[in-house]
Amino acid sequence: MEIFVLGLNHKTAPLELREKLSIPNHKTQELLRVLGERRIFDERLLLSTCNRTELYGVDGDAGQAVLEAKKFLSEYSRVDLETLEEKLYILRQPDSVEHLFSVASGLDSMVIGETEITGQVKDAYLEAHKNQQTGKVLNALFQRSLRVAKTLRSQTEIGARKVSVASIAVDLAEKIFGNLKGVRVMVIGTGEVSTLVTKTMTAKGALPLIVSSRHYERAAELASRINGEAIPYDEYESRIEGVDILIASTLAARVLIHEPQVRGWMRRRHERPLFMIDLAVPRNIETAVEKLDNVYLYNIDDLSEIAEKNRAFRKSQLEDCFRLVKTQTRYFMDWFLKEFDAQCRERS
Amino acid sequence: MTRFLFWFHTGLVVAGFAGLIVAAGAAILYLLQSSQLKSRHPGKISLELPSLERLDRIHFESLSLGVVLFSLGIVVGLLWAKKLSRMNELAGDPRVILSFFTAALYWGIWAVRFSALRRGQKIAAGTVLIFILLLLTFLSPHRGIYFS
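Those protein sequences? They're chains A and B, same order as listed.
Sequential numbering from 1 applies to the first sequence in the working numbering.
Sequential numbering from 1 applies to the second sequence in the working numbering.
Just chain A, same shape as in the assembly (with noise of 0.2 Å):
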């Protein structure tokens, strides 16, 4: 009995041949029933992201099955077999399960740390459990691998900082202002990154207010998508007393936001804290602005580099964690031994 993984990834594979192979949610049920009606490994799993598809199987005949799984995975994708197994990496235990672990957890990920993949391992799981295509091992393994993902963010910090700039923008937020809820932000510019910055917020409680000069529908469409309010440009002076968070991302070729005009807002605030962001590029907020009592001022950059750095950190933290998934993987290799200790001798 053999734990098996075929796939390919972002390391091994261009995009090109990612998108062939990627199985997308309504199609995973149909696929597990093929590859159950053609006996491909006694117990099967499909796990397909974005930058994934991978194969996990259970059987005793390994040459065997892992050469129709192959064949299965062209077919489905396509690409003849030849081209898919210079991209393919297999794995037999325990290097299957090691890199099990360290998927589950992130560290596979582009993003390393990266949380969405241990929801995506879940639902994979889950799936295939519904459809009875696991059993005993892969239930053991990927219940496993869900807990080593938990114990990595709990015993490393692995997952501590933040490294996207609309995840960041709301860390900084939140080490002003506690908590998002009911904290108004008011966005001048409907760009790509503000929207992002914006709607992360929003999900945090945030009240947005969408301000745009020159596209009144589109800031109102926004703001009806979000649950927020649309206001024309002239009347964002007269609502930022109110306003906690500042967002600009304007495309205007000059500085909308002067120094002296911040200043006149924060008396009118009482020196509320007021957190500034400024994501366009020329600069919409004067750079003075930062030297007034408690203004907070970021620009794309600032923000850019606090990622960069929470990068190299999360880098940092590797080693640890993939120490950690050894140990793990040998836990759970003493544990499948001595569980098919019987069957492995026989094969043996």
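It cannot be assumed that every hint is accurate.
Unchecked claim - Keeping only pairs whose Cα atoms sit at most 30 Å apart, straight-line, the calculated DSS-like set for lysine-lysine is:
1) A:K204 / B:K38
2) B:K44 / A:K309
3) A:K162 / B:K38
4) A:K150 / B:K44
5) A:K326 / A:K150
6) B:K122 / A:K291
7) B:K44 / A:K326
Keep in mind that the hints were calculated from the coordinates and are not lab data.
Only a predicted model underlies this, so the values are computations on that prediction, with no experimental measurement involved.
With chain A held as given, fit chain B onto it using these hints.
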């Protein structure tokens, strides 16, 4: 009665002082967090510290409690001195004079913060400075009134 007033006075001053220590601590942490966030490169310290909003709340609540208890302590101290008919001796006592002055400053900063005229870094810095004065008050020469 005089003994009771003495211990009541001491208890109130100590409790008030404790509140003002917490307020000064929160103010220092506020200034630290604020400077981290202003630097645009917040480090590990910033991650460990609570949010500015929380520090401001702790600061204001402990300042309010500290100021009230400390001031009540002073009033009870005056009653105690009056009971002992030693009010005249207090007039020239540096520690007593400084205590009045410090309490007045504390009330001033509390009123500014309470009325929301100012908040944030300047109020936090003010609290720290007045706390230093409070420490000097306790270290200043004291003639003392003793039980006869």
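Evaluation of the provided hints:
1. A:K204 / B:K38: Roughly 23 Å separates the two Cα atoms, so the pair holds.
2. B:K44 / A:K309: The hint holds at about 12 Å.
3. A:K162 / B:K38: With Cα atoms ~19 Å apart, A:K162 and B:K38 stay inside 30 Å; holds.
4. A:K150 / B:K44: holds (23 Å)
5. A:K326 / A:K150: Holds, at about 15 Å.
6. B:K122 / A:K291: holds (13 Å)
7. B:K44 / A:K326: Holds, at roughly 29 Å.
No hint from the list above goes unmet by this structure.
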